[in-house]
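There are 2 protein chains.
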Amino acid sequence: MPDPSSELSIQERLYPDLPCFGCGQANDKGLRLRSYPLGEAAVDGVTASFTPWPEHDNGLGYLNGGIIGTVLDCHSAAAVMLEAERRGWPPLPGADLSYVTAGLEVRYLRPAPLHDTVELFATVTDADEPQMTVEVELRFDGKVRAQATALWKRWRPRP
Amino acid sequence: MPDPSSELSIQERLYPDLPCFGCGQANDKGLRLRSYPLGEAAVDGVTASFTPWPEHDNGLGYLNGGIIGTVLDCHSAAAVMLEAERRGWPPLPGADLSYVTAGLEVRYLRPAPLHDTVELFATVTDADEPQMTVEVELRFDGKVRAQATALWKRWRPRP
Numbered sequence: 001m002p003d004p005s006s007e008l009s010i011q012e013r014l015y016p017d018l019p020c021f022g023c024g025q026a027n028d029k030g031l032r033l034r035s036y037p038l039g040e041a042a043v044d045g046v047t048a049s050f051t052p053w054p055e056h057d058n059g060l061g062y063l064n065g066g067i068i069g070t071v072l073d074c075h076s077a078a079a080v081m082l083e084a085e086r087r088g089w090p091p092l093p094g095a096d097l098s099y100v101t102a103g104l105e106v107r108y109l110r111p112a113p114l115h116d117t118v119e120l121f122a123t124v125t126d127a128d129e130p131q132m133t134v135e136v137e138l139r140f141d142g143k144v145r146a147q148a149t150a151l152w153k154r155w156r157p158r159p
Numbered sequence: 001m002p003d004p005s006s007e008l009s010i011q012e013r014l015y016p017d018l019p020c021f022g023c024g025q026a027n028d029k030g031l032r033l034r035s036y037p038l039g040e041a042a043v044d045g046v047t048a049s050f051t052p053w054p055e056h057d058n059g060l061g062y063l064n065g066g067i068i069g070t071v072l073d074c075h076s077a078a079a080v081m082l083e084a085e086r087r088g089w090p091p092l093p094g095a096d097l098s099y100v101t102a103g104l105e106v107r108y109l110r111p112a113p114l115h116d117t118v119e120l121f122a123t124v125t126d127a128d129e130p131q132m133t134v135e136v137e138l139r140f141d142g143k144v145r146a147q148a149t150a151l152w153k154r155w156r157p158r159p
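If you're matching them up, the sequences are chains A and B in order.
Quick note on the numbering used here: the first sequence kicks off at 1 and runs consecutively.
Quick note on the numbering used here: the second sequence kicks off at 1 and runs consecutively.
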């Protein structure tokens with residue numbers, strides 16, 4: 001994984017002023033997720049680390065499923081925005097981002113820890129300009145704890 | 001909708017000490033969702049109101065998709081725990097709750113507001129003791145903004 005101190009995250013480079021709760025670097029009460037391209041060619045997916053806050057409890061001493069969904073969604077966003085940049089599909093006039101989430105299907109496979117840093121991995125598995133599909137996982141201690149399929153659609157502002 | 005001041009929510013009555021980020025009444029940094037049965041026979045589903053916090057931005061001035069998923073998940077929990085109580089499927093020995101979320105499939109249909117109170121509705125559409133399925137919606141101003149299918153599985157603690 002890249003050294004986060006040595007390079008800008010995808011969020012800091014592509015949308016530094018976003019106030020998104022999950023990944024907006026400009027939201028000082030948000031989770032401020034930072035994601036990084038994997039591999040030199042930057043086609044091997046996108047990775048991030050996330051350290052839960054004490055209040056992110058699922059009620060049973062593990063990481064909350066809603067917070068898991070939040071970071072899976074926002075991490076898939078980083079993969080999508082990076083892919084859109086590579087392919088030359090910038091935000092359309094009047095849009096702040098090139099794509100928006102249309103659906104997120106989360107499977108909760110195993111409990112994820114509340115008091116440890118977890119890892120996120122995302123890969124764009126299908127990309128046409130109208131929509132992209134991302135497979136994204138949350139892992140800890142070598143095991144996938146939750147996985148999601150995220151569907152993103154090109155954001156076309158209405159006239 | 002019932003007057004919340006006149007009766008206990010499902011969360012307050014069935015699991016008042018839960019520290020869940022989304023619906024734990026004992027989590028003073030959480031969303032503290034409160035859900036109520038609809039109808040006298042209490043078989044018409046479950047409803048709740050949710051007022052977002054300013055930081056729950058999706059980055060574009062609307063309600064964050066991860067927070068939407070969080071309240072859809074926790075509201076479906078209230079429907080499941082109520083159904084489990086009716087059918088006599090209490091938490092098993094060693095379990096704090098009778099069911100846990102196995103999957104959540106969210107469809108984002110329209111933007112949801114960040115600065116208004118939104119409404120949640122959930123109905124258990126399939127219930128066997130091993131698992132339940134819930135359809136849950138987030139609505140504002142007469143329109144469904146997001147909907148989800150939640151799959152809940154009986155929580156069987158390992159010996």
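It is possible that part of the hints are untrue.
Just so you know, same-sequence chains aren't split out, so a pair can sit in one copy or run between any two.
[As the list claims (entries may be wrong)] Cut-off 25 Å, straight-line C-alpha distance, at most; resulting in silico cross-link-like pairs (DMTMM-like, lysine to aspartate or glutamate):
#1 153 / 137
#2 153 / 28
#3 29 / 135
#4 29 / 141
#5 29 / 129
#6 143 / 28
#7 143 / 17
#8 143 / 116
#9 153 / 44
#10 143 / 7
Treat the hints as calculated values from the structure; they're not laboratory data.
Go through the copies and call it for residue 29 and residue 141: within, between, both or neither, with a Cα cutoff of 25 Å.
-> neither (28 Å within a copy, 28 Å between copies)
Taking 25 Å as the upper bound on the Cα-Cα distance, should residue 143 and residue 17 be classified as within, between, both, or neither?
-> Answer is neither; intra-copy 34 Å and inter-copy 30 Å both fail.
Homo-oligomer pair classification [residue 137, residue 153; C-alpha up to 25 Å] = both (20 Å within a copy, 21 Å between copies)
When no copy is specified for residue 29 and residue 129, does a C-alpha distance of 25 Å or less occur within a copy, between copies, both, or neither?
-> neither (33 Å within a copy, 40 Å between copies)
Intra- versus inter-copy proximity for residue 7 and residue 143 (alpha-carbon distance at most 25 Å) = neither (27 Å within a copy, 43 Å between copies)
At 25 Å max between alpha carbons, let me know whether residue 143 reaches residue 116 within a copy, between copies, both or neither.
-> Close inside one copy (14 Å), not across copies (39 Å); limit 25 Å.
Using 25 Å as the alpha-carbon threshold, which applies to residue 29 and residue 135: within, between, both, or neither?
-> This pair counts as neither: shortest intra-copy Cα distance 27 Å, inter-copy 31 Å.
Alpha-carbon proximity between residue 143 and residue 28, which holds within one copy, between copies, both or neither at 25 Å = The answer is neither: 31 Å in one copy and 31 Å across copies each exceed 25 Å.
Could you place residue 153 and residue 44 in one of the four classes (within, between, both, neither) given a Cα distance threshold of 25 Å?
-> The answer is within: 22 Å in one copy meets 25 Å, while 34 Å across copies does not.
Are the CA atoms of residue 153 and residue 28 at most 25 Å apart within a copy, between copies, both, or neither?
-> neither (27 Å within a copy, 36 Å between copies)
Against the hints set out earlier in the document, violations occur for numbers 2, 3, 4, 5, 6, 7, 10.
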